[in-house]
Amino acid sequence: MKETRIIMGMPITMNIPAGDRPLRQAAVKIAEKAFDHFVSVDNRFSTYKYDSEMSRINRGEHAEDEWSDEMKEIIKLCENTKKDTDGYFDIVDRQGKLDPSGIVKGWAIRNAADIIRSAGFGNFLVDAGGDIQAVGKNEDGRPWTVGIRDPFKQDEIVKKVVLDNAAIATSGTYIRGQHIYDPKDKTADITDIVSLTVVGDDIYEADRFATAAFAMGKAGIDLIERLPGLEGYMIDREGIATMTTGFYNYEAP
Amino acid sequence: MNKFLLSAGVVAAFALYAFIGQAHTDVSGIQTPIATNANSGTSNNPNASHTVSNAPVDIVYNKTPTKATTPIPAKSRYQKTPPAQTPASTPAPAPVAAAKFKDGTYTGPASDAYFGTVQVQAVVSGGKLSDVNILQYPSDRGTSREISASSLPTLKSEAIQSQSANVDAVSGATQTSQAFIQSLGSALAMAAN
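Protein sequence lines, in the order shown, are assigned to chains A and B.
In terms of the numbering used here, the first sequence opens at residue 1 and continues consecutively.
In terms of the numbering used here, the second sequence opens at residue 1 and continues consecutively.
Some hints could be false.
Here are some chain B residues the structure puts well away from chain A; computed CB gaps all over 10 Å [as the list claims (entries may be wrong)]: (1) K100; (2) K102; (3) T105; (4) Y106; (5) T107; (6) D112; (7) L129; (8) D131; (9) A159; (10) A165; (11) A173; (12) A189; (13) A192.
Simulated pairs of lysine-lysine, BS3-like, Cα-Cα distance not exceeding 27 Å [to be verified]: (14) B:K102 to A:K33; (15) A:K29 to B:K102; (16) B:K156 to A:K218; (17) B:K100 to A:K153; (18) A:K29 to B:K100; (19) A:K160 to B:K156; (20) A:K33 to B:K100; (21) A:K218 to A:K82.
Since the hints were derived computationally from the structure, they do not count as laboratory data.
Beta carbons: idealized from backbone N, C-alpha and C, even for Gly.
Construct the entire structure; sequences and hints are all you get.
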């Protein structure tokens, strides 16, 4: 089965190959649970929802000793990531409010993958707004393939990668799109690069480091190069890409 | 057959809605047979029926559901009919009344973004949204690019090469295009009964 729903303001796709009807029915059921998880995450962490736990915390209406276990977990993970990235990952936004979206997405995808795996499925792909965890094989029995979107021509891709039980996350902004700032100088927009893709075994790791590396601008690819188990492909505003030394291992032949 | 799936999203406070297909077990709506996994001999094979469990999965994550808010529908002059509105989120695990979609391919209107035209096509299969194709999207490419010396001499650089290829999915920065969601919403409105 393959289904896309719009949750957390983005298309979220569950792709679970299933060869016969009982399998398809089981896949539909488990996809429903995985979608439910994204809905729950959205309710809890969205800064666009007035009643979310995150929004209530940001308004000072929700004391720390009353935080949910999930909130505590995410805040802890954010603090760890801030240390791991020398402050380049920072969930405090320009208005001084907490916005954990840079880590929540990868975390939620990982949880969704765990949900599907726990039901006995060894072949599936979870895609949340272009951050993807691939497991096993696609419906043709081959490893999943993913394209890196062309930041300048968004109906085309610039690179094809093979994700053999691997994950991919892309941070970026289109030239006329959203603005991403440098947490170390929150008045400055990142403008020298437009896209930074990280591939690795695990979507949570790929996502948090893609977020941090993008905030570093052109130096971000060096961060990925230094991290064992992660490879990167960065595109600057001139359309020049720089890749880590092991990135070629993921390129489709 | 691999499909070229293009994903995009909008983070807009007032345009957040979800289309949730029915979790129905009737598969009569599926029009194409699903290929059997060719590697039936591998150990990671979900096709072996004994590995499939119908027991409910224990979801440990939703311990304290928060109260959901109903999103305010986006207004668009391009939509002939208002999109089928379902609550974007409800506290798990309560089921949500689902919009029902008719199988087919639905092309949304070309929506005006200030930087160009966006047009989206929704493919519905088995009553659910299975693919989103971008038919038109403004090109942001400059007319000339210089290959300048890389500031990171130890890492390989290359000029990017645009291509269309058969892939299972696409990874790119989440788009915040209202025009995209408007076009998609209109396409889905045609599919909804």
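Structure-based check of all given hints:
Under the 10 Å C-beta cut-off, the non-interface status given to K100 (chain B) relative to chain A holds; the minimum distance is some 14 Å. At the 10 Å boundary, the C-beta of K102 (chain B) stays outside the reach of chain A, the nearest C-beta of that chain being 15 Å off. The Cβ of T105 (chain B) sits about 14 Å from the closest Cβ of chain A, beyond the 10 Å cut-off, so the non-interface label holds. Residue placement check: Y106 (chain B) keeps its beta carbon more than 10 Å from all beta carbons of chain A (closest about 13 Å).
No beta-carbon of chain A is positioned within 10 Å of the beta-carbon of T107 (chain B); the least distance is around 14 Å. No beta-carbon of chain A comes within 10 Å of the beta-carbon of D112 (chain B); the shortest separation is about 14 Å. L129 (chain B), annotated as away from the interface, has a beta carbon of chain A within 10 Å; the closest lies near 5 Å. A beta-carbon of chain A is positioned within 10 Å of the beta-carbon of D131 (chain B); the least distance is around 7 Å.
With a least CB separation of 6 Å from chain A, A159 (chain B) falls inside the 10 Å interface cut-off, contrary to its annotation. Under the 10 Å C-beta cut-off, the non-interface status given to A165 (chain B) relative to chain A is violated; the minimum distance is some 5 Å. At roughly 3 Å from the closest C-beta of chain A, the C-beta of A173 (chain B) falls inside 10 Å, breaking its exclusion from the interface. A189 (chain B), annotated as away from the interface, keeps every beta carbon of chain A farther than 10 Å; the closest lies near 13 Å.
At roughly 13 Å, the least C-beta separation between A192 (chain B) and chain A is larger than 10 Å, which holds for a residue marked as non-interface. Our distance criterion of 27 Å between C-alpha atoms is met by K102 (chain B) and K33 (chain A), whose separation comes to about 23 Å. Among the hinted pairs, K29 (chain A) with K102 (chain B) is consistent with the structure: their alpha-carbon atoms are about 20 Å apart, no more than 27 Å. A distance of roughly 13 Å separates the Cα atoms of K156 (chain B) and K218 (chain A); the hinted pair therefore holds under the 27 Å criterion.
This hinted pair does not check out: K100 (chain B) and K153 (chain A) have alpha carbons roughly 33 Å apart, beyond 27 Å. Proposed proximity of K29 (chain A) and K100 (chain B) is supported: the alpha carbons are some 17 Å apart, at most 27 Å. Distance restraint check for K160 (chain A) and K156 (chain B): the Cα-Cα separation of roughly 17 Å lies within the 27 Å cut-off, and the hinted pair is therefore satisfied. For the hint pairing K33 (chain A) with K100 (chain B), the CA-to-CA distance comes to about 19 Å; that is within 27 Å, so the pair holds.
Restraint check for K218 (chain A) and K82 (chain A): satisfied, since their Cα atoms lie roughly 19 Å apart, inside the 27 Å limit.
In summary, the numbered hints that this structure violates are 7, 8, 9, 10, 11 and 17.
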